[in-house]
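Residue numbers (this note's numbering), protein chains in the order written: chain E, 71 to 312; chain U, 1015 to 1326.
Because the hints were derived from the structure by calculation, they are not lab data.
All values derive from a computational prediction rather than experimental measurement.
Wrong hints could be hidden among the right ones.
[Unchecked claim] Here are the in silico distance ranges between beta carbons for each label pair:
hint: 1; chain 1: E; residue 1: Gly-136; chain 2: U; residue 2: Ala-1211; range: 44 to 52 angstroms
hint: 2; chain 1: U; residue 1: Trp-1049; chain 2: E; residue 2: His-171; range: 20 to 28 angstroms
hint: 3; chain 1: U; residue 1: Leu-1274; chain 2: E; residue 2: Glu-189; range: 27 to 35 angstroms
hint: 4; chain 1: U; residue 1: Phe-1316; chain 2: E; residue 2: Gly-136; range: 56 to 64 angstroms
hint: 5; chain 1: U; residue 1: Val-1190; chain 2: E; residue 2: His-171; range: 53 to 61 angstroms
[Claimed, not checked] Here are some of the chain E residues that sit facing chain U, going by a computed Cβ distance under 7 angstroms:
hint: 6; residue: Arg-156
hint: 7; residue: Leu-205
hint: 8; residue: Met-209
All C-beta atoms in this analysis are idealised placements derived from N, C-alpha and C, irrespective of residue type, glycine included.
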Amino acid sequence: MNSTAGGEIVQFDNVGLRYGTDREVLSDVSFTLYPSSFYFLTGASGAGKTSLLKLLYFAQRPSRGGIRVLGADAITMPRDRLPALRRRLGVVFQDFRLVPHLSAFDNVALPLRVAGFAESDIARPVADMLEWVGLADRMTARPATLSGGEQQRVAIARAVIGRPQLLVADEPTGNVDPEMALKLLRLFEALNRLGTTVVVATHDVHLIKKVPDSLIMRLDKGRLSDPTGALRYPPKRPAAMP
Amino acid sequence: MKQPLRLLQISSRGDAGATRGELVPLARLSGPIPWVIAIMVALTAIASAGGLALRNVASAAASELSDGITVQIVEARPEVRDAAAKAAVALLQSEPGVTGVRPVPQADVDALIEPWLGVGAADGGAEEAAVPVPALIDARLTGRITPERLAALRDRLRAQVPSARVDAQSSWLKPVFGAISSLQWLALALVLLMGLATGSAVLLATRTALGSNRETIEIVHLLGGTDAQIARIFQRAIATDAASGGATGFVAAAIVIVLLGRRFAGLGAGLVSGGTLGWLDWALLALVPLAGTLLATMTARFTVLRALARML
C-alpha cells in the first residue's frame, strides 16, 4: 500500500494543541515532511518540541487542525488501525521508556515481537544492532543497571531495528559522548538512505551541522518558523534506495 | 565492525498478531490474588458440595418414600390391635397395585419411641406396659400415590378395619423437603455471591496491576502492540495466579468435604447417609476452580480492554 500517494509522509495543517484548559502549547503549526528527508527540530526548552513529536507518533491527538501521517488521517482514523500504523514508526523517547524488567536484548527485540517476527529472525539482527551501539557485553542487563548513555543507545537500537518509515527521535544523543553521538547519527543517516524520513529534536547545533543535507524546523513558543524556507520549498532529494 | 546499512537489513516478514512467545513477561501479579481466589474457590466448592449433598439427600429420601404408605392400627387393646393388624395386612396383600406389605416388628416400634418414653414403655404385648402404641404396617405401591388413590385405599381398609389410619410416607417429610429445597437455594445463592466476589477481587487486582504496569503497557502500545496483545499479557498473568489459587482452594475444600462426609456418614442416620457425594458430584466440584480461573481470566481481559479503549 502506498500511503504517501501525495508525496508527503507527514502533513500538519493549522494544528493546535493544549493540555486541559491551559494555553496552547502548539499554535497554528503547518508543515509537510517528505519521504527520505532528514529534519532537525530545534527550539528552546518548553517551545513544544516534545508535544509536536507526540502528535507525530500518535501519543496525542491535536486540539484542532488536521494531521496526516503515512497517508492516514490521524484525527478521524479508527483506533483499531493505529497499531499497524505505529509499527511503521520508530520512536526514540526523551526518557528512553525501556521496559524495566526486560533485558537490553528483549527491549530491542520488542518491536519485532510485537510485529510478529519469528524468534529465529529476531536473534541475529538484535544482537548485531546491540553490538554496533557498543552494548554487545550488556545484552542481558536490565535497564536499571545501565548508565543513562547505555539506556539511550538501547532506546535508539529499539527505534531503528524494525527499519521504520518515519523515525522520530527526541534528544537522542543528549546522554552520550560526542564520538557515540556521531556514530548514532551515522545510523540515522543510514536509515535515511534506505528511505526512512528522520525527525530529530535536538538543541545540539554541532549535531545539526554534521548532516549538511538536513532541513531545519524551529519551534518558538509553540509556533513553527521556517528559517531556511526548507519546509515551504523543500529541495529535490534523490529517490530512496530500494 | 558492521556497516550501519547492513544492520538494517531485517526482512519485513512480520505477521501482526502472530507472536507465539511471551511478548512481555509481566511480573507475577502475586500479592493477595492467588490467596483470595483460593479462599473463594474453597468456599464455593464447600457451598456447592453442601448443595449437592442436600440434593442427594432429597432425591434418596424421595425415591425411598415416594412409593410407600404407612398403616397405623390405633387400638389400645393389644389382642384387638393384633387381629386388626392381621386383617389389614391380608386386605393390603389382596389389593391390586400393592407390591409389598411388611408389618413393622414390635422391636422396631419400641426402638422408635425409646428415646422419648424409655426402655419397655410401650405395651409390646406385655401386660404391665403403660403406653399403648399403634401397630405399624409398611406397604409399597406401584405407580404414583395420588391423594385420590390414597383416599380410595383408606376407604376400603377402614370398611374392614375401622381403627386403621393410612398416610403416604412422603407427606410426613414434606416440611423436610421444603427445608432442604430452601437450603439448596441458599447454596446456589452463596455460589453466585462467591462468583461475584471473585470477579470483584480480580477486577481490583487487575486495576492495581494495570496501574503498576502502566509504563510497560504504554510502551508496548506505542510500539504498535494491539489491545488484544496487551490484554493477553494480563490474561496469562492472572490465569497463572488464578489457577494456582484455584488448585490450592480446591484441595483444601476437598479435604474439608471428605472429613465432613465421614462425620455425617458416621451418624448412621438414614436420611443423612443419602447425601454421600458420587463421582459425578466430584466432577462438578472440580469445575469450580476451572470456572474460577475462567472468570478471573475473562474479568482481567475485559478490564484491560476497557482501560486500553480509553487510551489513544
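Outcome of the hint check:
Checked against the hint of 44 to 52 angstroms, the pair E/Gly-136 and U/Ala-1211 passes, with Cβ atoms roughly 49 angstroms apart. Restraint check, U/Trp-1049 to E/His-171: a C-beta distance of roughly 23 angstroms satisfies the suggested window 20 to 28 angstroms. Under the hint 27 to 35 angstroms, the C-beta atoms of U/Leu-1274 and E/Glu-189, about 51 angstroms apart, miss the expected range. The hinted range of 56 to 64 angstroms is not satisfied by U/Phe-1316 and E/Gly-136, whose Cβ atoms lie roughly 34 angstroms apart.
Taking the beta carbon of each, U/Val-1190 and E/His-171 are about 59 angstroms apart, inside 53 to 61 angstroms as hinted. For E/Arg-156, the suggested interface contact is upheld, since its CB lies about 4 angstroms from the closest CB of chain U, less than 7 angstroms. For E/Leu-205, the interface hint is violated, since its Cβ never comes within 7 angstroms of a Cβ in chain U; the closest pair sits about 13 angstroms apart. With its C-beta approaching chain U no nearer than about 15 angstroms, E/Met-209 sits outside the 7 angstroms limit, and its interface hint is violated.
The structure fails hints 3, 4, 7, 8 (numbered hints given earlier, in ascending order).
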